[in-house]
Amino acid sequence: MSGRYFALGVVIVALATLPYWMTGVYYVNVASQILFYAIFALGLNVLVGYAGLVSLGHAGLFGVTAYATGYMLQLGYGHPVAILVALVVSVIAMAMYAALSLRSTGIGFIMITLALGEILWGLAYRWISLTGGDNGLSVQTRPAPFGYSLSDANAFYYATLIVFLLSLVAISVFVRSPLGAALKGTRDQPRRMNALGYHVWGIRFIACLFSGLLTAVSAILFVYYTQFISPQTLALTSSAEVLLMVISGGAGTLLGPIFGAGLVVVVKTVVSGFIERWNFLLGAIFVAIVILMPEGLVPGSVRLWRLAWRKRESAATVVSGGAEAKS
Amino acid sequence: MTFWLVLTANSITFGGLLFLLSAGFSLIFGLMRIPNLTHGSLFMLGAYIGATFVIGMFGVKLNFWLAAVLATLSVAFLGALAERFLLRRLPGDQLAQVLVTLGLSFMAADLCLIVWGGDPLSVATPPELAGFARLGVLVFPNYRLAIIVIAAIVAIALWLLLERTRLGAMIRAGVDDPDMARVVGIRVSQLFTIVFALGAGLAAFAGIIGGPILSVYPGLDQDMLPLALVVVILGGTGSLLGSFVGSIIVGFIYNFGQALLPELAYFVLFLPMLLVLLLRPQGLFGRHVP
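These protein sequence lines are chains A and B, in that order.
Position 222 of the first sequence, counting from 1, maps to 245 under this note's numbering, and the rest follow consecutively.
Position 268 of the second sequence, counting from 1, maps to 256 under this note's numbering, and the rest follow consecutively.
There could be a bad hint or two in this list.
[As the list claims (entries may be wrong)] Computed from the model, here is a short list of chain B residues facing chain A with C-beta under 10 Å:
1) Ile22
2) Pro23
3) Gly80
4) Ala84
5) Leu92
6) Ser93
7) Asp98
8) Leu99
9) Asp211
10) Val220
11) Met261
12) Leu262
What the hints contain is simulated information worked out from the structure, not anything from laboratory work.
All values derive from a computational prediction rather than experimental measurement.
Ideal placement from N, C-alpha and C gives every residue a C-beta, glycine not left out.
My request is simple: use the sequences and hints to build the entire structure.
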């Protein structure tokens, strides 16, 4: 256990000093992206990993927050008001989203969330007077909390890191709380949980709200990072990307989605440098992971490695057994 | 008055196309219990392959109907391959199957972009249907009327297939109770491949038939998939009648929405879906809640 805390300390120190050992605005920006996408992936993981509900419309919710922030700023409100309004709008949107999609679980849930996500995308794309359509909305300035401007890449990185660590603490407290345990119960044995007197729907609803809140937090960071939002942000591709982060790292684990976010962002930024066809690669990785390593890359590689190891061992015993039989 | 009549006729045409698209989606869903997220891509792929031959892009120029048949058959074959070699590897794991179809849809969209580029292709109306028909005060393109007729013929053929043939009886048995169907000796996994190929072919056929009115462009898949989803949520899964009624409803809502509230056309679709989800989660004609 102390080893784990030591490792955690090393990681936090490494992250806190990142702009000093990884010089270059480009790399610091990639690190910021990984951190806010990790918050998004952690938010989706609350549903996918701990509630067993696969949402394919999360990019729609992400977009609602992003557009709400951008629109409030365009109306001339200050950053605190814009952020506050965006958070409130997001929670309301998530409550509606959850009320509709929680009528079903499993495949039905996927279908309804997919349809809702596509409808939100369609709204962003077509409701030009509000969203600017294909031209998107741009955000002119980044906020300056406590008089500390975030327009610099390093400053933005630190703000993102703080929000990321707070989100990570929030989610680990949530997962270890009785509510988190109950949520895992509703994932594995909904009928027994119901018989035990738990309000299964209510627990799932709260999980949705929590997931929506994390999504909103990452979306606000995203808006300030890119300073631009377009309907592409809400597309099914984006929902699939974040789902890929969750399942590639390992759904239902705390560190998996963070690892997955790192993997997807790095592959995307590095690969898109010399390949235009990022979507093809995304699809291929998706198919390969689902078929070959459904439990995620980290647990999956461990399993494949063990399997290979065991095969070698069993091959060795067969050989020695054969030798004994001969003698 | 003419405006409303034209809008109504257009809605029925679009509903017919949607029926061709969503009948297969609904059957696949009913039998395999998964929403096939490649369905929009199959529609687009059919449209692109058909358009290639109609335009004569790679030196081979064919008659429209021949091109449509070729597109249908080739996409049906691709569908069968995907089912047999990818989805079959994940038996019973519906979540993984859905994710595989999602991954495949991205690969298909990007492949289309590589092969056919980003510019929209327009498909010429077949010359024998180029004119206009006069129906009272309404002047309506022959081709759109033909789509309605084709959709009706396909609907009847599918109904006959499902209700009057041995294969149809096996499919219905598989939809109602796959385990029991297996026990009485129906090879349900073989049915999966057949139904998947049938659904893929129908989607591709819808794609090329819709080509002259929708044109073919990157992103067509993402425009059509949600419509198929809404049709099936409305009509219920695994029911031919459900996808028929659902398609007509969505055809009307979408066209009237486009004309009257262009900015909110997508949002208007959401209202009937909401009502059905609240009042009848299995859909209007569905047998089980998905």
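**Prompt:** Does aspartate 98 (chain B) pass the interface check with chain A, least Cβ-Cβ distance below 10 Å?
**Reply:** At about 4 Å, which falls below the 10 Å cut-off, the nearest Cβ of chain A leaves the hint on aspartate 98 (chain B) intact, so it holds.
**Message:** Given a cut of 10 Å on the nearest C-beta pair, is the interface hint for leucine 92 (chain B) held or broken against chain A?
**Reply:** holds (6 Å)
**Request:** Using Cβ atoms only, decide whether leucine 262 (chain B) comes closer than 10 Å to chain A, and label the hint accordingly.
**Result:** holds (7 Å)
**Message:** serine 93 (chain B) was flagged as interface toward chain A. Is the shortest Cβ-Cβ separation under 10 Å?
**Reply:** With a minimum Cβ separation of about 7 Å from chain A (threshold 10 Å), the hint on serine 93 (chain B) holds.
**Prompt:** Was the hint right that glycine 80 (chain B) lines chain A, CB cutoff 10 Å?
**Reply:** violated (12 Å)
**Hint check: 10 Å Cβ-Cβ cutoff, isoleucine 22 (chain B) to chain A** = Constraint on isoleucine 22 (chain B) satisfied, holds at 6 Å.
**Hint status (Cβ of alanine 84 (chain B) to nearest Cβ of chain A, threshold 10 Å)** = holds (5 Å)
**Prompt:** Against chain A, with CB atoms and a cut of 10 Å, does the hint on leucine 99 (chain B) hold up?
**Reply:** Holds. Min distance 7 Å.
**Item:** Closest C-beta approach of methionine 261 (chain B) to chain A relative to 10 Å, hint status
**Value:** Since chain A brings a Cβ to about 7 Å from methionine 261 (chain B), closer than 10 Å, the hint holds.
**Request:** Using 10 Å as the Cβ threshold, decide whether proline 23 (chain B) counts as touching chain A.
**Result:** holds (5 Å)
**Request:** Have a go at the aspartate 211 (chain B) hint: is there a Cβ in chain A nearer than 10 Å to its own Cβ?
**Result:** OK, holds: aspartate 211 (chain B) within 10 Å of chain A, min 9 Å.
**Prompt:** Should the interface hint for valine 220 (chain B) be scored as holding, given a Cβ-Cβ cut-off of 10 Å against chain A?
**Reply:** holds (8 Å)
The structure shown violates just one earlier hint, number 3.
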